[in-house]
Each structure stands twice: as structure tokens, then as C-alpha cells.
Amino acid sequence: MTALLPLMVALPLGAAFVLPLFPRRPRRAGDLLAGLISGVLLVLAVILSGRFGIYEIGGWRMPMGINLALDGLSAPVLLLAAAVGLAAVLFSSAYLDTYAGRNRYWALLMLMTAGINGTILSGDIFNRFVFVEIAVISSYILVGFSGRGRALAAAIRYGLLGAGAANFTLLGVAVLYALHGTVNVAHLAGSVPAAGTSVPGPEILFAALLMVIGFGYKSAAAPLHVWQPDALAAAPAPVAAFLAGALIPAAGVYALARTLFTVFGHAEALGWMLLFPGLLSMLFGALTAPRRKDPRAFLSYQGISQVGYVLTGLGAAMVLAVRGEERAAGLAAAGAVFHLLNYGGAAALLFLAGGAAAPPGKPSRWSRLAGMAGAGSIAGIPPLGGFSSKLMIVAALWLGGFPLLAAAAAVTAVLAPVSFYRRRDEFPPPPAGPAGRTPPAMAAGLILLTTLVLGLSLAPLPGLRGRLLGPARAAVLDREAYAAYLEPGEEERP
Amino acid sequence: MSPVYLLVFVLFLVGVFGLLTRRNLVKLIISVAVIEAAVNLFLVLAGYRREGIAPIMTEQHHRAEEFAARAVDPFPQAMVLTSIVIGLSLLALLVGISLRLYHIYGTYDLSEIRKAAREEDR
Amino acid sequence: MMTRSLIVQRISRWLAPFIFIYGLQVILYGHLSPGGGFPGGVILASAFILILISRGKEEAGRRLPLSRAGRFDNTGALVFLAVGLLGFVLGGSFLANFLQRLFPGRPFSLLSSGTIPVNNLAIGLKIWGGIFLAVLFLSVLRVGGDPDRGLKTMEEE
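Chains as they are written, first to last, in the numbering used here: chain A, 36 to 529; chain B, -1 to 120; chain C, 1311 to 1467.
The set of hints was computed from the structure by calculation and includes no laboratory data. You may find that some hints are simply not true.
[Claimed, not checked] Computed footprint of chain C on chain A; a stretch qualifies when at least three of its residues, placed anywhere within it, have a C-beta under 8 Å from a C-beta of chain C:
{"hint": "1", "region": "39 to 49"}
{"hint": "2", "region": "85 to 95"}
[Said to hold, decoys possible] Computed from the model, here is a short list of chain C residues facing chain A with C-beta under 8 Å:
{"hint": "3", "residue": "G1345"}
{"hint": "4", "residue": "R1381"}
{"hint": "5", "residue": "A1387"}
{"hint": "6", "residue": "L1388"}
{"hint": "7", "residue": "G1397"}
{"hint": "8", "residue": "F1398"}
The beta carbon of each residue, even a glycine, is placed where N, CA and C say it ideally should be.
Chain A extracted, bound-state conformation:
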């Protein structure tokens, strides 16, 4: 089944280059092709979920060739990206009438999809960097797609700082290559830190810091969040949903987690590199959000707070794993991955609901339903997924011996529903898109994501826990399992 992996990147890439060849006619061909490809990608992601393995491109054996890898951490993120992608495409087909250059839009969206899928699947750190750049460069254009001054100003700020941050990542890759002579993740997992030592040396910590800065920017973690509120407010609604629901979780948080946990391994210093920005974003986002008037800016800061929870959970998992507290570490890791999925689905849903067409002055039925599900999950209202994942992270912090951090996370978790409740009239946010009845494609996109958000709430149930959260926890914490992917090519190690 892993033979299907390259299609996750090749299909959207092909669509991105076919579309501009037919600039005008037939008019709806772009919509059909983009919808078809995204649908196929979602089906593929569902088929691939729960299967693990690697794919060696061109038949070149690891660690020499380029490879794609699927494991318990990448499979759920791939599924999230595919679901958010299909919803955004469905939504765009009805939303786009307000913009010129339809096929250019579809081409960029498909290019971004290819970049995101490649980021998730890539088995070496250099190609991950390249795929992140493919996704992010398309997102710069999409943020400024309306061509209005405000959107372009947001896009250039995002792009300039993003270009700087990208070079931090590349420098980190270069340092790792200079030290270990490989960029293959499995190969690095077996050789960093240098054999015989358990504590990483200063050069490894330096490389890790570069990676944290590079990917932390993409995940909009607190000191590096500056681009996110502007970009999400200025982008077209489906692009904002795609950014918040797929790009930030995949090219930011997932890439960061994969690099730190699998490439660098477990060390307390690395854990604090995640915990510090995590706690900062969690508190800063939650405290700043209520002071923002624009509902989209409010949502953006709430999103920063959620990313903070994920990073806090990941950092705690690493620190606790080093200290040998297996149970608490496992709970933190599972909670962090689960919260990442909840955040991605719910944030995308809320941004889409904000752009849904509605009768003038009041939100439509569909967007009200979607807004309730999304806001409920992000705010952490009990039966929904966001509540369970926040509870897991708080419990892990408490069990692991961080009572202060647990209290801070718990207080922030209680604050979120309060600040959402005080602005209940804005959720679902007032429509920013064209007025009128909600077109069926828009409603379909909203329903798809609502199903995802509600479905995720069932994941902690005993029967389902082992299918999603168990493999994710194992993939985050078990570095040796990833290094074992290399075994068929063992004799080729230098």
C-alpha cells in the first residue's frame, strides 16, 4: 500500500501544472479537476491511515536515495491536511466568484497541497525543507491574492520574515550534514547524538535551535507569531482555513516535532526548547485574543494559544521521557498530537464559517452549525475533542510533576470558553463573503469539516484509542523504531 505514497505529492503537482495550460475555457474545468484531485487525496489518505512503511523513490536504497515515510505521526496529519484541503477546495469553488484569475488560484492551491503532503511524508530533512518552501511560497501569493493593499502588505511581511526563517532551517540542515554526513531522517535517528554519548553537544543544540526558529515561525509560536494574525485576516477565507488548518499544523508543528523527536532524539534541553515557546504562546495568545476587535484576529490569537498547547505537550513529553516517566510522557505526546488534529480541524472550520455566504446581516444555518462545532472544540467544551486533548495535556503535566505548568494550562483552558462566550454573537463570525443563499459546495465543505471535528471527539473512546492515539504516541516517543526503517540497507552505511 505504501506504493501509493508518491501519488500524494505527484497528483496535486500535476494538477498545478496542467491548469495554467488552459487559461480560460472550459470555465469550470479547474473547479472539477481541483475537486477531483482533492477527493482522491482524501480517499488515499484514508486508505493509507493505519499503514506504516517507507517508499524509496526511483528504487534508490536508503540512505542514498530520497524516500517517503509514513508512520503513526505522519498518517493522522496527512489525513487532517487532506480533509481540510478538500473542504477548502469545495468552499473555494463557490467563494471564488469574487476573484479574477480562477485557474491561477487553483494552480497555487494545488501546489500548496503538494508541498504540504511532501512535507508530511518526506523521509529526509533537506527535502522536507524544500517541500515546506513549496507550500509556503504558494501561500505568500495566496495571502495577497486579492491584490488589495492590505493583503499585499500582509503577504510581503509574511514572505520577508518567512524567507529569513527558511534560511535558519537550511542552516540547521547544513550543520547536521556537516556533522553527520547525511540528511536521511532514519539515518540521523541512528547517529545523533554521536554514538556513545547521551547528552547532545553544543553543535547539536545549535542545530536544534536553528530548526526551532525555522519551523517555529511556520507554526506561529509566540515570539515568532507576528505574521499570522495579519495574514489570516487578509487572506481569502478558504486560504485562511487552509493556512490555519493544514499549513501551520503540517509545515510548522509536525515538521518541528518530527525533527526534534526523531532526528535529534530525547534530551531535556531540547524539551525546554519546545516548552518555552509553547507556554509563551499558550498564555500570550489567550490573553491577547479578547482585546482584538476583528473576529478573525480574535481567532488567530486563539489559534496561537492552541499551538502553544501542542508545543507544551510535546515539550513535556520529551522532558518526561528523559526523566523516565513513561506514562506521563505517553499521555503528553498523545494529547499533543490529538490537540494538533483538533486545532487544525476546528480552526479551518471557523475560518470557513466566517466566509460562508449568508442572507445579509445574519449567518446562515450551515455556518451557525459549523461555528458552534468549531468554537466549541477550540474553546474546549466538554464532550468535544478540544476538551479531551487539553485535559490530557494538563493531566500529563500534573502527573509528571509540573504542578505550576499544569495550573497555568488549566486556567488558560478555562479562560478560552469564557472569552468565546463573551463574543458569542460573533461566532459564527459575520459573513465576509458574498451575500446570498449558502451554495451547496460551501455547505458541503462545512459539513465535511464539522464531521471531522465531531468525529475526532470520539477518538479517546476505549475502542478507538488504540487506532489513532496509540500509534501517534509510539511514533513520537520511539525513535529506534524509525531508525529501524534503515535496516534493509544496513550494509550501505558508511
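For chain A, the structure is supplied; the task is to place chains B and C on it using the hints.
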């Protein structure tokens, strides 16, 4: 650790300093280009070998082992080429957006552009 | 519009074809010597950029219209992807070198190394179109006025 690496790092920091302190879009774009040049230099240096030969097999090299023992590492050069392509597309994009912003606001000053954009929003 | 010196115009007219041929050579010998699709494509594009700088964007746009450059760009990428997918179907793995058996890797012979020259040609075509497009677009933006209108009038010419 050779002093060359230190120089590369200084160049990197010069670029980062420019990116964080300048306001003019053209200078910001130049800062990005400086950072990129520093990282590319570092990558090439990572594959450098004293008195190495170009990693191109010609008819003079009969034995692969002998060739591999003397040639510089070609892999970082491939990475540099990729990173240059990315940098090129990014640079073209950033210049394009800046020109368009200049067309709208008549200035390259990012803080003035943001102020004007915010007022336009009200 | 500024006036351009006759010497520059004349010399660039003579130089451009040679630059173009050099670019083709770099692409065609990419699997044997330094070079390949990317540098070759850039050289091809630079022949047209020389025309753009020395004789104006109207003349360059006549030599290589915007729409055709865009088609080069996309076709190149698609050919590369098609080679990859053919490898998936015929060679058992994405981007597998399925032509290797037909053109085995004999060193220093032009017809060798399977799909690599095909990929080089595809990349060369893409970069040629892409780089020229980027520079042409920026030169249209620079002149001011409405960029969309500027491009539209160029396409109509």
C-alpha cells in the same frame, strides 16, 4: 573549526540584523539575499576538501575508489543548487509584490505601508 | 522610453543566438559534464533577457510571447512528472529510470543514462519559460501603470 566558518556566521548575522532593523522593502529584500548567500556558502564549505578535485568523473580517473578519495563532496553542491532555485523564485516574488505595493502606496517604507493599509481598513 | 545605443542593440542581436546555442549545449550534455537542465535553462532565458534589456520588452515579447513562455513553463514540469509516473508504471517505482536498459550508462556517450537527458530537457524548458516570464513580468510592473493592463496589451500584440 576554521575561521572561515566564523566569517560565514558573521555574514549570516549581518543579514538577520538587516532583516530585523530595516524598514525599506528594498533593503529588507537585500538582507534576505545576504542571509541566503551566507547559508549557501556554509553548505559549499561543508563539502570542501583541501586540494580536492571537482567531483566529475573523466577518462583520467580509472578507479572509482581513487576518485572518491580525492573529489570534494558533490552532495552539498546539489543542495546549494536547489536552495538557489528556491531563493531565486522567492526573490522574484518579493520584488514583484514590493513593486505592486509601491504602485499602490507610493513608498517602499514597510511601516508606512502598514499604517496606510490599516487606515484603509477602517 | 529611453533611447538605446545602436552599438548595444547591434551587438546584442549578434550575441543572443550564440548564447542560445550555448544554453542548448549545456542542457544536452547535462548528464555527461557540468551543467544540465537548470543552468542551461537559465542561459536560454538570458539570451531573451538580453534582448529584453537591449531592445525593449516589446521586442522580447514578440520573440517569445508571454503565453508561449507560460506554456513552456508548464509543459516542462509536466514532462518531468510524466517521466516520474512512467517510472511508476514501467519501472516499478516513482521516477525509476525505465529507459536505462535501452540506453545503458556508457560513460561519455550522448545517448546514455536513460531518462536523465529527458528530464534535463524538461527542466531546461521549464526554467527557460519560467525565468523569462519572471523577468518580463517584473519589467512590466516596473514601468508602473496597471500591471494587469500592461500584460493584457502585451498578450494582444
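Hints, one by one, checked against the model:
1. Coverage of the region 39 to 49 of chain A by chain C holds in this model, with 4 residues showing a Cβ closer than 8 Å to a Cβ of that chain against a need of three.
2. Under a criterion of three residues with beta carbons nearer than 8 Å to beta carbons of chain C, the stated coverage of the region 85 to 95 of chain A is upheld, 5 such residues being counted.
3. Of the supplied interface hints, the one on G1345 (chain C) is violated, with its beta-carbon coming no nearer than about 21 Å to a beta-carbon of chain A, more than 8 Å.
4. Evaluation of the R1381 (chain C) hint against chain A yields a held restraint, the C-beta minimum of about 6 Å falling below 8 Å.
5. Annotation: interface hint on A1387 (chain C) holds; nearest CB of chain A at approximately 4 Å, less than 8 Å.
6. Satisfaction of the interface hint for L1388 (chain C) is found here, the shortest Cβ-Cβ separation to chain A being roughly 5 Å, below the 8 Å cut-off.
7. Below 8 Å, beta-carbon pairs count as interface contacts, and G1397 (chain C) has one with chain A at about 7 Å; its hint therefore holds.
8. Restraint check, F1398 (chain C) versus chain A: the minimum CB separation of about 7 Å is within 8 Å; hint holds.
In this structure, only the earlier hint numbered 3 is contradicted, and the remaining ones agree with it.
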